[in-house]
Amino acid sequence: MSVYPVGVLFSRSGGYSRPAEQGYFGALAAVSDINADNAYPFQLKVHHADPKGNADRYAELCRDLIRKSGAQHIVGCTTSWSRKEVIPVVEKLDALLWYPCVYEGFEVSENLVYVAACANQHLVPLLDHIVPRFGARAFLTGSNYIWGWETNRIARDILTRSGGAVLGERYVPIGDEDIGHLITEIREKRPDFILNNLIGPSSYAFLAAYRALGQEDPAFLPENCPVISCNLCENETTRLGENAAGHYTVSSYFRALASEENDRFAARMKADNPSQVADAFFVQAYAAVVMIAEAIRQTGSDEAQGVLEAVRSSGTATPLGSVRVDRGTNHVSLCGHIGRARADGDFDIVHHCRETITPDPFLTATPLDRLYASSGADARQLRVVR
Amino acid sequence: MSPSLAHTPNFVGWRALILHRPHQNVDALSAQCARIGITAEQAWPTLDDQDAMSGFNVLLIDADMGHDEQFPWAPGLAPIPIIALIGSEAPGRIAWTIGQGADAQLLKPIGSAGLYSALVVASQGFLRRTTQTQEIVRLKDQLAKRQVIAEATAILMLKHNCGAEAAYNRLRKTAMAERRSIERAAASIVAGFDTHGQTNVTNGR
Chain A
1 MSVYPVGVLF SRSGGYSRPA EQGYFGALAA VSDINADNAY PFQLKVHHAD PKGNADRYAE
61 LCRDLIRKSG AQHIVGCTTS WSRKEVIPVV EKLDALLWYP CVYEGFEVSE NLVYVAACAN
121 QHLVPLLDHI VPRFGARAFL TGSNYIWGWE TNRIARDILT RSGGAVLGER YVPIGDEDIG
181 HLITEIREKR PDFILNNLIG PSSYAFLAAY RALGQEDPAF LPENCPVISC NLCENETTRL
241 GENAAGHYTV SSYFRALASE ENDRFAARMK ADNPSQVADA FFVQAYAAVV MIAEAIRQTG
301 SDEAQGVLEA VRSSGTATPL GSVRVDRGTN HVSLCGHIGR ARADGDFDIV HHCRETITPD
361 PFLTATPLDR LYASSGADAR QLRVVR
Chain B
1 MSPSLAHTPN FVGWRALILH RPHQNVDALS AQCARIGITA EQAWPTLDDQ DAMSGFNVLL
61 IDADMGHDEQ FPWAPGLAPI PIIALIGSEA PGRIAWTIGQ GADAQLLKPI GSAGLYSALV
121 VASQGFLRRT TQTQEIVRLK DQLAKRQVIA EATAILMLKH NCGAEAAYNR LRKTAMAERR
181 SIERAAASIV AGFDTHGQTN VTNGR
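So the protein lines, in turn, are chains A and B. Everything in the first sequence is counted per the working numbering, starting at 1 for the first residue and increasing by one. Everything in the second sequence is counted per the working numbering, starting at 1 for the first residue and increasing by one.
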């Protein structure tokens, strides 16, 4: 039986290890499922490299995975910073990077498959849901790198074009937990909501401090001024408990999504590893491996361009639904569900997206003037009545 | 950050002209164009109808083989943004693209990225340059008109037998009353001033 190597490039330690480990476990779970499935007349062999959260290690480790283990496919990278480091390597060696994390967009590489949302699939539906309900005066925050900068810039663009306002915008270094100044400023500025693009420990510290603020001043309780995120998922909310409860996340996948397939998938993942929380980061990496395996099954080879052509030509059934790679952008159509975190870490689905959103990484087809200015103002008044 | 940069740039509906011989680089550029909503056309060495060139929104020129005769305008006077496609980084070729008004560059071989940044930079650069040129014309014009204001002030000093400050105030009030710029008010005072046939004595010098 043929054995095809698959490179897995995730950091299991460092400033964003929780979502990164989700990617790692998702990829491994999928490989184990594929190898146990007789429908695939081959085995996948995982070669893992751990950059330990150091962006400068990614390119070198990716090169090793391709050259030494012969992997044509690398599933990996969590931050945009690390992805940018890997792109020149996969382009030069004509391998494929399967990138399974939400990111800010404005990129299309011929040697990448983007198996997660870009801004028109996460930020836009999130603001569309939140602004009419809470108002259009935002406070923007993020970790000090491209994800936060660009996601906040797009939010500012949308809000200012749509009659809203940005009351403040603050960044903290990745891993920094000193966020007292953020809380002070938010308390002064009194926004309608906070867009949180912090990652890892900064995000957890912020949510804890923000909960304390809400207990002092009810204006900052989640029902009055929620924290909204594009990347805060179950693996993190489960550990955050009350600190995340009531706040909102947009995602292509929630464990709580009600469908037979998803119930079966979630139950199976839990049975395999009871402490495992399969969230979007997990499922997107899982879906990437399934797409690779399905394309190898169809083409009889793991050659990168052949696999890419196969996943562009037909949809693959994954826990994200049927996923097909858009020929023009190498991105996939995805749903933008909105969830409100519960204290147990799961999400109540407050908006169940029924039709997938076509990827628009350069925001050329997505109107950025969202026409919800007046409804936002109404929502603020209704809030007083409620 | 300037307001125009805070906006997400959008190039949907733009037409790009790639002046480059048929090549993989052109294919890669066309693919990048399609992705961001731009229609690309290729021509080499120039368009049959050179005047149609100004109907495009952006021009991509070849630093390696390009020459002045490809364009219907003098070097530096292109009415649209220009991006240079650079293979050989020879200083002479780079200087040629600068002379043409290329505000952004893409290095060959062209891969799957780069055009978007080049477009943002080139279109911003072009906008800044044309705005500055217009501003310079306006300022030069204003500077030239200071002569008229000085003359009008002198005339009013003579006519009303007053000092320079009083005369200038009078000129300013006239302009305000007539709702026009001080330069235009001054020009009509100078034009209407009867010198009674006297002109500056030049004694034929």
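Don't read these hints as lab results, they were simulated from the structure. Yeah, the Cβ is synthetic: ideal placement off N, Cα and C, and Gly gets one too. Just so you know, not all the hints are guaranteed correct.
Pair by pair, the computed Cβ-Cβ distance ranges are [as the list claims (entries may be wrong)]:
hint : chain 1 : residue 1 : chain 2 : residue 2 : range
1    : B       : Q24       : A       : D344      : 50 to 56 Å
2    : B       : R129      : A       : K52       : 43 to 49 Å
3    : A       : T299      : B       : Q24       : 56 to 62 Å
4    : A       : Q305      : B       : P22       : 20 to 26 Å
5    : A       : E60       : B       : E89       : 24 to 30 Å
6    : B       : G125      : A       : V350      : 42 to 48 Å
7    : A       : K52       : B       : S117      : 42 to 48 Å
8    : B       : Q142      : A       : V350      : 39 to 45 Å
Listed below are several chain A residues computed to face chain B (Cβ distance under 7 Å; list not exhaustive) [said to hold, decoys possible]:
hint : residue
9    : E110
10   : I146
11   : E188
12   : A209
13   : L213
Exercise for the section: Mind listing which of the numbered hints don't hold for this structure, in increasing order? Expected result: 3, 7, 8, 10, 11, 12 and 13
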